[in-house]
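Protein chains in written order, with our numbering: chain A, 1 to 367; chain B, 368 to 492.
What the hints contain is simulated information worked out from the structure, not anything from laboratory work. We put the beta carbon where it would ideally sit given N, CA and C, even for glycine.
In silico DSS-like cross-links for lysine-lysine, where the CA-CA straight-line distance does not exceed 25 angstroms:
1) B:Lys488 with B:Lys369
2) B:Lys488 with B:Lys420
3) A:Lys261 with A:Lys134
4) A:Lys360 with B:Lys430
5) B:Lys430 with A:Lys356
6) A:Lys275 with A:Lys261
Some residues of chain A that are not near chain B, with every Cβ distance over 10 angstroms (derived):
7) Gly5
8) Phe60
9) Met133
10) His138
11) Val266
12) Asp332
13) Pro350
Ranges between beta-carbon positions, derived for each pair:
14) B:Ser489 with A:Glu162: 44 to 54 angstroms
15) A:Pro350 with B:Gly452: 15 to 25 angstroms
16) A:Gly217 with B:Gly414: 45 to 55 angstroms
17) A:Lys275 with B:Ser421: 42 to 52 angstroms
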Amino acid sequence: MAEGGPILRTPLHGAHVALGARMAEFAGWDMPIQYAGILEEHRAVRGAVGAFDISHMGEFFFTGRGIGAWLNSLLTNDIERLAPGEGQYTLLLNERGGVIDDLIAYRLGAEEYFLVVNASKIEEDGAWMRDRMKAGMHFEDRSAGMAAVALQGPRALQVFREVFAAEAPARFCIAAHDFGKSTALVARTGYTGEDGVEIFLPGDAGRALWDRLLAAGATPAGLGARDTLRLEACYPLNGHELGPDRTPLAAGLGFAVAMEKPGGFVGAEALRAQKAAGLAERLVAFSVEGGAAPPRAGYGLYAGQGRVGEVTSGTFSPSLGRGIGMAYVAADRAAPGTGLEMEVRGRRVPIVIARKPLYKGGLYEGT
Amino acid sequence: MKVPDHLKYTATHEWVRIEGDLAAVGITDHAQAELTDIVYLELPAPGKQVTAKSPVAAIESVKAASDIYAPVSGEIAEVNAALPGDPGAVNARPYESWMFKIRMSDPGELAALQDADAYRKSIGG
Chain A
1 MAEGGPILRT PLHGAHVALG ARMAEFAGWD MPIQYAGILE EHRAVRGAVG AFDISHMGEF
61 FFTGRGIGAW LNSLLTNDIE RLAPGEGQYT LLLNERGGVI DDLIAYRLGA EEYFLVVNAS
121 KIEEDGAWMR DRMKAGMHFE DRSAGMAAVA LQGPRALQVF REVFAAEAPA RFCIAAHDFG
181 KSTALVARTG YTGEDGVEIF LPGDAGRALW DRLLAAGATP AGLGARDTLR LEACYPLNGH
241 ELGPDRTPLA AGLGFAVAME KPGGFVGAEA LRAQKAAGLA ERLVAFSVEG GAAPPRAGYG
301 LYAGQGRVGE VTSGTFSPSL GRGIGMAYVA ADRAAPGTGL EMEVRGRRVP IVIARKPLYK
361 GGLYEGT
Chain B
368 MKVPDHLKYT ATHEWVRIEG DLAAVGITDH AQAELTDIVY LELPAPGKQV TAKSPVAAIE
428 SVKAASDIYA PVSGEIAEVN AALPGDPGAV NARPYESWMF KIRMSDPGEL AALQDADAYR
488 KSIGG
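In isolation and in its complexed conformation, chain A is listed as follows (with noise of 0.2 angstroms):
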């Protein structure tokens, strides 16, 4: 979407309209940002079901010979551990090690491939990725067309079973499955830290999708649960824990940085010298002590009179009851247990490092 364009309406646009949903702009589209309520949302989420419309998000598609390896050169992670129908995270970097995007690559077959990328960087990554590509080589962007929803929580495979009498797939892996007369993908993923699948479909489809989920149960959930859901399970977004000047170990996401695969990738040289001379910085998740006020995104971060870091996200978190957030920090701060200061409003509160995720979610029972 352009910048300064005008607003982009997603295919469940009405249906959020229909609910009485507050809606908002966010990375040019008109999302909803509630319905009944943040924590009423998340709570759902945690407790039950939620259905989020993420149609925002860019699905982009490659096929042609030797896609694969050629994927696996701009793409931190290891593609070609990928069999179809598996899929990983990964993300785009700049020249410097910097983030372009993060986003998860799944394999559709032997030389097809489909990304899902945030929505504020369908462009940039677009022409990241068209003015590197070889000949023979075919690249479809379908954002506009389609349309995504995630059903999340606990209950959201029984919806999902419920709604397309099928079985999900295993966890971040992918399968086509019919929806009335259309083809969607249903991958085992998604952002909140519950189980749960992400559905992407034709655009003429999705509120038929939206309507049969709520129709089974899934509670409509907004924007402003998505965030405090996945900052308690700690995942970062892009334009906050990420940017052009943030490498992915900085950012604690070595494990998506496939440093030794064969051919290397676009950002690989400054990471390996990043590594080599140490980080000054690290991304951290706290919590708040003592009831004080939620972290903001620009707060500093404090050691005595010395400022040592600043809050990338932050936001009263719903399950633990306290404000939490996530901050860079001084890497010799940056150990769980830290206590550290944070300035809100001209005064000083205590804060301290804790160990990700900050909430434990579905997806971590039983470790």
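Take the given structure of chain A and dock chain B to it, following the hints.
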């Protein structure tokens, strides 16, 4: 949205109840609905001198922090100490959830506040 007739209102969505030389202050039904789920409240210290239209308290929803402004000048005489422990009460009962009382230094400032009809019009009610 409820706008009780017996209260005075500010353009920044505080309500004011006159109790002799005290002005009890809270936020309106419209304000709580706009803020959505209120999760944190920071009240001023009793004894603090405040000036009309200056920020004296802070209120936070899940998503954002907002200021609460003094409708009139004076001294903070009393705060509702129970409220920060139950900030959701501001959503549930906005007109019972007074936040602080100002001992007015210039009751003439009350003339600048809106009555219920004017406030109702200002929020499109």
